[in-house]
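Chemist: Given only the sequences and the hints, what does the whole structure look like? Please build it.
So the sequences go chain by chain: L and V.
As numbered in this note's numbering, the first sequence has no gaps in its residue numbers, which increase by one up to the final residue, 296.
As numbered in this note's numbering, the second sequence has no gaps in its residue numbers, which increase by one up to the final residue, 296.
Don't read these hints as lab results, they were simulated from the structure.
Take these hints with a grain of salt, some might be off.
For identical chains, the list gives no copy identity; a pair is met inside one copy or between any two copies.
[Stated by the list, open to error] Here are the computed lysine to any residue pairs in the SDA-like style, where the Cα-Cα straight-line distance is at most 20 Å:
#1 K35 x H80
#2 K168 x Q99
#3 K35 x R123
#4 K168 x E53
#5 K142 x L156
#6 K35 x G90
#7 K35 x G89
#8 K142 x L158
#9 K168 x G82
#10 K142 x E222
#11 K168 x T98
#12 K35 x R72
#13 K168 x G100
#14 K35 x P88
#15 K141 x R30
#16 K141 x I206
#17 K35 x S56
#18 K168 x A132
#19 K168 x E122
These numbers come from a predicted model, not from an experiment.
2 protein chains.
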Amino acid sequence: MPRPAHRTQITKAVLRLRELIFNGHFTPGERMSELPLVALLGVSRTPLRLALAELEHEGLLRTLPGGGYVVREFTQGDVRDAIELRGVLEGTAARFAAERGVPARDLAALRATNETIKKLVRRADYESFERYLHLNEAFHARLLKMARSPLLERALDGVVSLPFASASAFVLAEAELPASRDILIIGYRHHAGLIEAIERRQGARAESLAREHARLALTNLEIVIDHRDVLERLPGAALISLPDRPDRDPGITPVPEPDAGLEPNPGLEPERA
Amino acid sequence: MPRPAHRTQITKAVLRLRELIFNGHFTPGERMSELPLVALLGVSRTPLRLALAELEHEGLLRTLPGGGYVVREFTQGDVRDAIELRGVLEGTAARFAAERGVPARDLAALRATNETIKKLVRRADYESFERYLHLNEAFHARLLKMARSPLLERALDGVVSLPFASASAFVLAEAELPASRDILIIGYRHHAGLIEAIERRQGARAESLAREHARLALTNLEIVIDHRDVLERLPGAALISLPDRPDRDPGITPVPEPDAGLEPNPGLEPERA
DNA sequence: CTGCGGGCTGTTGCATGCAACTCCGGGCTA
DNA sequence: TAGCCCGGAGTTGCATGCAACAGCCCGCAG
Chain L
24 MPRPAHRTQI
34 TKAVLRLREL
44 IFNGHFTPGE
54 RMSELPLVAL
64 LGVSRTPLRL
74 ALAELEHEGL
84 LRTLPGGGYV
94 VREFTQGDVR
104 DAIELRGVLE
114 GTAARFAAER
124 GVPARDLAAL
134 RATNETIKKL
144 VRRADYESFE
154 RYLHLNEAFH
164 ARLLKMARSP
174 LLERALDGVV
184 SLPFASASAF
194 VLAEAELPAS
204 RDILIIGYRH
214 HAGLIEAIER
224 RQGARAESLA
234 REHARLALTN
244 LEIVIDHRDV
254 LERLPGAALI
264 SLPDRPDRDP
274 GITPVPEPDA
284 GLEPNPGLEP
294 ERA
Chain V
24 MPRPAHRTQI
34 TKAVLRLREL
44 IFNGHFTPGE
54 RMSELPLVAL
64 LGVSRTPLRL
74 ALAELEHEGL
84 LRTLPGGGYV
94 VREFTQGDVR
104 DAIELRGVLE
114 GTAARFAAER
124 GVPARDLAAL
134 RATNETIKKL
144 VRRADYESFE
154 RYLHLNEAFH
164 ARLLKMARSP
174 LLERALDGVV
184 SLPFASASAF
194 VLAEAELPAS
204 RDILIIGYRH
214 HAGLIEAIER
224 RQGARAESLA
234 REHARLALTN
244 LEIVIDHRDV
254 LERLPGAALI
264 SLPDRPDRDP
274 GITPVPEPDA
284 GLEPNPGLEP
294 ERA
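Modeler: Following this line, the structure appears as structure tokens:
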């Protein structure tokens, strides 16, 4: 996936496939055969294979033992872990920023963004909500930049590539479910605390605030699960297997539980591709 | 990178390229042109491209704006961040294990491994050291499994794919530099504390112990940097640019510093490939 | 009825030829 | 002399043909 915008067939295939997967056009466990996809996407097999490899690295696809890819399925536990993991990594970013210090200008920019957010959450119209989403992403992106750690950015990228793990994954629901609008207020408060902690070089406080901030998404998740109709419309929801939902396709391993019993003798090789 | 062992040309190319990069056969910033690599590796361009994409996802290569790949260079700061990041993620694994609880059998296995480690670190012969390395990796791998979080495993995989970030990256030096052998003792102690913390469901303690445990590698890094001769022999050392080492090839951006000044207005798009 | 073997189909793995693009250098012109 | 344009070499992007492999079904034999 080279830098140049979607001029190449590879990025075209990646973008289109991602969209199709998120929209539920493929069911989890479905085999992604190359020839049908060639016909569907209008690209040749060579760039398609590159695109499939890309999506596998993003975690959306899984390789089959005999070769080939299938759409990956996620459990509700995976979603929780992804959110917690984002909190851990964003917490590390906030801690790095606090420990390493940031220019006053950056802090001022964060504050300005957050003040705009504060004004927006009081309104309820849809346009405000879209602007909120944009500003929220900008806030998080800027915070990440302030950590000055390319490797941390990479690691976080690897986590939020899952659709339901991103900073504004379940926030969408809040536009429709006023019950969860208060969370936006709390989010603003978290942001303010983060800024203050970083300014005062309070690394531990910054870290735990960022973690708790990410956990807001967990609350949203709970709310959304009670409103299936809303959940269905969220991107990537089709990938999540809900335990109390028996209408799964047969022939699919419903829950890819990691093998529970580890053998008692310590002889396992560290696996590496 | 499909499951089946190195029967395919892709994995063959990946393994060989990784080895060549780690051994310093390519200098950081060097362009990885396809045709010379085809001649060097004896594989065709198609699997080679897949292999290059794989290594780019691992973080060893970087894409050029105009297409193509170059060997990535890492600063000393990157190495520190990688170690800290491993500590954060292994800390999360330890915390998950403590919070979620693990079977007594797994704890016993960890203890057995660690007791063997204890015996080994007292001896100084090379064979013991190799066994130590193996057991240490096994300990960390098992601990990771005990977190029961596939996504966490993924994230950690993404970090330790950098050669200098793995659990036993700089430990190699300890075989040759007795000055750092004490660190093995401390490592054993950390392991013991981890086991105890997990058993008692002390999540915070487990997390901070694992973090501090990873930071042992930092100490090793400092020691190794003072012994250039040892450093040169460590895998991946050729990728690290040491600031006080001016003999770099000309025409290479020496330090890919992330742009320091962030513009003050919050208009940035969240970048996505 | 059950287990096994063989062929068939669908799929992926790989190689290569062609086209387009980028970068660089030289020569022309203002 | 400086700047621009053009051409060429080298590179990557893409498409397609071929081969090998895996899985499956069917038929046969025990």
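Chemist: Indicate, hint by hint, whether the structure satisfies it.
Modeler: Hints versus structure:
Taking identical chains as interchangeable, the C-alpha atoms of K35 and H80 lie at most 20 Å apart whether they share a chain (17 Å) or sit on different chains (19 Å). Only between protomers do K168 and Q99 lie at most 20 Å apart by alpha-carbon distance; the minimum there is 19 Å, versus 30 Å within a single protomer. Taking CA atoms no more than 20 Å apart as the test, K35 paired with R123 passes in neither setting, with 39 Å inside one copy and 42 Å between copies. Proximity of K168 to E53 under the C-alpha cut-off of 20 Å is found in neither arrangement, the shortest distances being 38 Å within a copy and 27 Å between copies.
For the homomeric pair K142 and L156, the shortest alpha-carbon distance inside one copy (13 Å) is at most 20 Å, but the shortest distance between copies (56 Å) is not. For the homomeric pair K35 and G90, the shortest alpha-carbon distance between copies (16 Å) is at most 20 Å, but the shortest distance inside one copy (23 Å) is not. In this assembly of identical chains, K35 and G89 lie within 20 Å of each other by CA distance solely across copies; the values are 17 Å between and 27 Å within a copy. Taking the shortest Cα distances, K142 and L158 sit within 20 Å of each other inside one copy (12 Å), while across copies they are farther apart (56 Å).
In this assembly of identical chains, the alpha carbons of K168 and G82 lie at most 20 Å apart only when taken from different copies (18 Å versus 24 Å within one copy). Taking the closest pair of Cα atoms, K142 and E222 never come within 20 Å of each other, the shortest separation being 23 Å inside a single copy and 48 Å across copies. Taking identical chains as interchangeable, the C-alpha atoms of K168 and T98 lie at most 20 Å apart only when they sit on different chains, with a minimum of 17 Å there against 31 Å within one chain. In this assembly of identical chains, K35 and R72 lie within 20 Å of each other by CA distance both inside one copy and across copies; the values are 12 Å within and 18 Å between.
For a Cα distance limit of 20 Å, the shortest separation of K168 from G100 across copies, 15 Å, qualifies, whereas the shortest one inside one copy, 29 Å, does not. With identical chains, the CA atoms of K35 and P88 are at most 20 Å apart between copies only, with a shortest distance of 17 Å across copies and 27 Å within one. Taking CA atoms no more than 20 Å apart as the test, K141 paired with R30 passes in neither setting, with 39 Å inside one copy and 57 Å between copies. In the homo-oligomer, the alpha carbons of K141 and I206 lie at most 20 Å apart inside one protomer (12 Å), although the nearest pairing across protomers, at 50 Å, exceeds that limit.
In this homomeric assembly, K35 and S56 come within 20 Å of each other (Cα to Cα) only inside a single copy, at 18 Å, whereas the closest approach across copies is 24 Å. Taking the shortest Cα distances, K168 and A132 sit within 20 Å of each other inside one copy (12 Å), while across copies they are farther apart (41 Å). With identical chains, the CA atoms of K168 and E122 are at most 20 Å apart within one copy only, with a shortest distance of 14 Å there and 31 Å across copies.
Hint compliance for this structure: hints 3, 4, 10, 15 are not met, and every other hint is.
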